[in-house]
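At the far end of the sequence shown sits residue 437, using the working numbering, and the numbering has no gaps.
Hints were generated in silico from the structure; no laboratory data involved.
Please note that a few of the clues may not be correct.
Result set (PhoX-like, lysine-lysine): computed pairs, CA atoms no more than 25 Å apart in a straight line [unchecked claim]:
(1) Lys256 with Lys267
(2) Lys332 with Lys256
(3) Lys28 with Lys332
(4) Lys199 with Lys28
(5) Lys433 with Lys405
(6) Lys256 with Lys198
(7) Lys198 with Lys332
(8) Lys256 with Lys28
Simulated restraints, written as ranges between beta carbons of each label pair [unchecked claim]:
(9) Leu58 with Glu366: 36 to 44 Å
(10) Gly166 with Lys28: 35 to 43 Å
(11) Leu58 with Val255: 51 to 59 Å
(12) Asp114 with Gln349: 26 to 34 Å
(13) Gly68 with Gly166: 57 to 65 Å
(14) Met344 with Thr286: 40 to 48 Å
(15) Arg426 with Arg109: 31 to 39 Å
(16) Ser157 with Tyr428: 40 to 48 Å
These numbers were taken from a predicted model, which means no experiment stands behind them.
Using N, Cα and C, we set each Cβ at its ideal position, and we do this for glycine too.
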Amino acid sequence: VFCNRELRMNDVKVIGFDYDYTLVSYKWALQDLVYERAKNYLLQRLRYPPSLGECSFDRSFPIRGLVFDRRHGVLMKLSYSLAIHADTVHLGRRRLQHDEVIELYGDGHTERPACLLADVVQLAIDADIPFDPAALAADVSSAISWVHLSGALHDTVAADPNQYLEPSPRLGEMLEQARLSGKKLFLMTNSSFAFADAGMRFLLGDQWQSLFDVVVTLAQKPAFYRRDSAFRVMSQHGFVKWSQAEHADVAKGRVLVGGSLRELARLTGWTGRQVLYVGDHLMADLAEPRRQAGWATAAIVRELEEELLIQTTEQYKDYHTRALAVSSMLRRLQSLDLPEEERDAALDALEALSAERHRIRCCAPGLYNSSFGSVFRHNADSTAYAFALKQHVDLYTSRLENLLAYSPHHRFYATRCKILPH
């Protein structure tokens, strides 16, 4: 567990959890399912060319935090200062050359489902079909939204959780430990109760609700944090009552539907940094409660696990050691006050060192991802995603169960660093 800002767990009285990708981790089969359902939407409802049917989800291509330029149809990674990392820019599946990137650079970047977007753009290029990138982005966005809102995806996953959900044998232990230390727990998800209930029964058994003081479903985050809406209550028979929820409903552990941050504070008294909320999406889950209510926040970043593992490999260590040595020699050579007859040789050395540094910078990112490199950094820069992670969360870790390594009274102290503590 890594710390961006000091957090004393003794001061945390309430811990809230998102459902998807936080309490529940999914297998790659879910990404395959979402891709296929969205692809079929484009084929059947929007009449995309049949050749799109030959495409499938490529788990090796996209990474978290990519942005799509709706003016030119390119997918890329940005630095913390929103500068384009030129060697990560792709038009469809083709990496653009540096001069092409300079020619195409423009504004209007928005996040989109990366793999399907790249495949749709590649399809248009291969078929020599003129296309408006913004229109393709809108179509893919509609397809992804339909997959989630139609209910078909949730029904499929709920019917066979073993195929789509990762087992989490220590999840119950982690929740029990938090409760025994005197903390209140709540679950807050944008999903329906039926969907969350199926997953939680699979992971924790039929009595899972007894671990939580409050369960909020259909929250519609991030709108939940800004609006002023009352909760409704789900009855034991599964229908939503017409009346608004009150304190008695919370006391009896009834499932709440909809609502708002303001109403949650009114019904529970939970405010400020006594609340720690854990989620996976920086914007939808974590940025707003920090701004609006001063909650402490923690992010689940599954990619962290793989990147830390890569950093232990001999190849990464070799690249890292060589990069430090080359950078040090460049600085030292530049600062030498050499006689004129030695300056040409020094310039040749500088060019050779610069070429070696460039080689390392081209090769090292491929250890993480051959198309886009690391989720968190690019050369000496942090990515836009890493910057947002540092800005919006107090703690981050790859799995919720990692909290078991720390006592409920642990004090997390921040590490002074340029990018992120890890």
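Hints versus structure:
1. Lys256 with Lys267: holds, 15 Å
2. Lys332 with Lys256: Distance of about 59 Å is beyond 25 Å: violated.
3. Lys28 with Lys332: violated, 41 Å
4. Lys199 with Lys28: Judged against 25 Å, a Cα distance of about 6 Å means the pair holds.
5. Lys433 with Lys405: holds, 10 Å
6. Lys256 with Lys198: violated, 29 Å
7. Lys198 with Lys332: violated, 42 Å
8. Lys256 with Lys28: violated, 30 Å
9. Leu58 with Glu366: 36 to 44 Å: This hint is violated: roughly 52 Å between Cβ atoms.
10. Gly166 with Lys28: 35 to 43 Å: holds, 36 Å
11. Leu58 with Val255: 51 to 59 Å: violated, 35 Å
12. Asp114 with Gln349: 26 to 34 Å: holds, 27 Å
13. Gly68 with Gly166: 57 to 65 Å: 24 Å Cβ-Cβ, so the 57 to 65 Å window is violated.
14. Met344 with Thr286: 40 to 48 Å: Violated, since Met344 and Thr286 (Cβ atoms, about 54 Å apart) do not stay within the stated range.
15. Arg426 with Arg109: 31 to 39 Å: Once the Cβ atoms are compared, 49 Å apart, the range 31 to 39 Å for Arg109 and Arg426 is violated.
16. Ser157 with Tyr428: 40 to 48 Å: holds, 46 Å
Of the hints listed earlier, those the structure fails to meet are numbers 2, 3, 6, 7, 8, 9, 11, 13, 14 and 15, in rising order.
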